[in-house]
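Undergrad: Just add 119 to the spot in the sequence shown (first one is 1) and you have the numbering used here.
These aren't lab readings, by the way, just hints derived from the structure by calculation. Keep in mind the model is a prediction, meaning the values are calculated, not measured. A few of these clues could be false.
Claimed, not checked - DEER-style ranges, computed between Cβ atoms:
# : residue 1 : residue 2 : range
1 : T324      : S142      : 30 to 40 Å
2 : D224      : S127      : 48 to 58 Å
3 : L346      : N236      : 51 to 61 Å
4 : S131      : N336      : 55 to 65 Å
5 : D302      : L346      : 20 to 30 Å
6 : I277      : S131      : 24 to 34 Å
7 : Y342      : L143      : 32 to 42 Å
Just so it is clear, CB atoms sit at the ideal spot from N, CA and C, and this is done for glycine as well.
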Amino acid sequence: MTFRIKYSVSPSYLTGGSLRRPSLPMNQVRFIVAHDTGNPGSTAANNVAYYERSRDDMEASAHIFVDDSDIIECIPFLSGPAEKAWHVVYNTPIDNQTFGVDANDCAGGIELCYGENINGKEAYQRYVWVMAYACWRYGLDPATDITAHFILDPSRKIDPKNALSPLGITFEQFLNDVKQEYDTCIQKEPEPMLDKGVAQTIISTWISPAWHQMTGNRDQQDYLHWLANELRKAAGLDPE
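Using the sequences plus the hints, can you model the full thing?
TA: What follows is the structure, encoded as structure tokens:
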């Protein structure tokens with residue numbers, strides 16, 4: 120199966136080996152955490168630029184920022200081998216209780232930008248798509264493998280409600296939208312129109328002998344070669 124690429128994910132990595140991006144590999148991706156920036160009006164590019172300027176100020180980060188025009192990845196997650204980001208405190212037990220691992224070690228952190236000068240609906244569409252794409256990329260279930268920062272750290276955090284509430288969208292509706300986007304973007308490989316054995320029999324019994332009989336007639340040989348490859352493609356075989 121393939122996945123419909125509706126938007127581009129633009130890598131703009133933070134400097135490696137810094138506090139915000141320690142360049143530690145994420146050995147598995149178990150789930151995804153939905154965040155918002157908590158900074159109304161700040162774009163994806165604004166947030167990534169701030170992270171880079173303050174890269175050695177603190178251990179706080181996320182993988183991806185999404186606004187109404189950009190999906191920017193500042194720590195590798197979708198455009199390269201996944202690395203850890205610091206987007207959920209370690210001393211909350213809920214991630215371990217729910218998924219058996221710490222979020223920073225095994226979860227992607229994706230931030231939604233919102234507020235003045237940002238088209239909330241456009242940003243939301245991109246956010247839903249990139250969540251669905253991340254689930255497909257790592258074999259996750261959108262219905263069970265996406266959580267929220269406010270769920271994991273309920274005494275301190277409310278995101279992504281800051282961005283969802285102005286749109287009249289609950290977290291439950293957001294999950295439903297991601298699932299629907301996931302189902303819509305999944306593209307199954309077409310079933311072969313011809314049985315492989317039948318195709319190979321036709322080629323070996325009729326087309327190949329005819330090709331040899333046409334020695335000296337390049338046009339006819341080229342046509343028979345094309346015909347054989349069309350049969351191979353119809354049967355899901357590689358052309359020769």
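Undergrad: Please name the hints from earlier in the document that this structure breaks, with their numbers sorted from lowest to highest.
TA: 1, 2, 5 and 7
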